[in-house]
Amino acid sequence: MANLIQRVALRGDAEAFAELFRTYAPRLKSYMMRQGADPMTAEELAQETLMTVWRKAGLYSDERGSATTWIYTIARNLRIDRVRREVPWQALPEGHHETASDDVAPDEALSLVERKSRVQAALQELPPDQYEVVSLAYIEGLSHNEIAERLGLPLGTVKSRMRLAYQKLRSAVEDLNEQ
Amino acid sequence: MKITHHPDEATLMSFAAGSLAEPLAAIVATHMSLCPSCRRDVAMLDMLGSCLVDTLDATPLEKPAPDAGTLRSQTEAAGADTAKSSRDAAAFRDLDDLSGNVPEPLVRLVGPSLDNIAWKRLGYGIWHYPLPLSMSGKGDLRLFKVAPGQVMPEHGHGGAEMTLLLRGSYSDEFGRFGPGDVADLDEDAEHQPIADPEVGCICLIASVERAKFKSLLARIVQPFTGL
Ligand SMILES: [Zn+2]
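Chains as they are written, first to last, in the working numbering: chain A, 1 to 179; chain B, 1 to 227.
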């Protein structure tokens, strides 16, 4: 995927873009629908996410972050803006990696693929109760209180499940941070 | 100057998930602009978001992908985006650059300097300056200035609420909070903050439940106003 984005970035490669579009747009449409958008709006937002990737691909660099993560953050912010109609305070990764180069070790870029595969593995290994709260937050867009209501659990239980999931992820990538 | 108090891990996760209420997200974003370790952790949590989206089934699109002509016309519009992005990049400065000024994420709401804020007096030794949220943003976001040595009555919060210290410090049962530090207390926590005896403090407080926050304010201000 990073390769496809680089082809888009370096050469304005429409074929590479078409492949990215085929891979991501249908999943992003599902994401937007799970967040409460009607199918038509969800499709528009999926299209718009990919158009943003096209327009901003020149800013994307392999060294700065995972390509799929970049696409996710664009979709998430668009959703906050257009589905929740709130101001997204979340910065897109392209912003901070440009100036905060000192937090990213030079060889950290090489470990991005490794990092993503570890995050993915840690996600799959989460116990079902932790996976559930994480998924409700990310995919359904529910707040801590809304998750507690949905599952009929005390707020403290929801938060502690999230913290446990977070700690597992962090320990899965910890040694990469120290490189 | 070193940050010792960070947002709760569950708060950071909801921030990356895009499911944190707007005023709380404002606190996290401002803290992150000063805190490399939270930036790194949120980058990991963003990655988790992309892994979760990868697990979703595809929903077929009704319309075709944009054609070459549409793509070309978008490329021409892209120049403006590039300029904007380098401005966004300035959003991330480190704590040492803060030196009493407004962290970049807040500049559009507050202006660049903490010295030019049109404070409104709330009670003896305490001033505030409410910040606007979007039309659908729920809750309350405002700056507070507290006079040196001011003691707040002991109180709880009862609702999602966060405080970010911008200048000076305060101390309470949970420790000392200086610039960049965040108090992300559990709902049932009680505390009695005391502002720095030399310089007092300026902080940003976000609250999701407006009614509870207002009644809390009234209780805090009451002993000083004698109402
Ligand atoms: Zn932090």
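Derived by calculation from the structure, the hints in this document are not laboratory data.
What you are looking at is a predicted structure, and each value in this text was computed from that prediction instead of being measured.
Backbone N, C-alpha and C define an ideal beta-carbon position, used for all residues, glycine too.
Among the clues, some could well be false.
These stretches of chain A come out as covered by chain B in the derived footprint (C-beta under 8 Å, 3 or more residues) [stated by the list, open to error]:
#, segment
1, 10 to 19
2, 77 to 84
3, 126 to 139
4, 148 to 154
Over 12 Å on every C-beta distance to chain A, these chain B residues come out as not near it, computed from the model [to be verified]:
#, residue
5, 15
6, 74
7, 106
8, 220
Against the structure, the hints:
| no. | hint | in the structure |
| --- | --- | --- |
| 1 | 10 to 19 | holds (count 4) |
| 2 | 77 to 84 | holds (count 4) |
| 3 | 126 to 139 | holds (count 5) |
| 4 | 148 to 154 | violated (count 0) |
| 5 | 15 | 7 Å, violated |
| 6 | 74 | 5 Å, violated |
| 7 | 106 | 10 Å, violated |
| 8 | 220 | 24 Å, holds |
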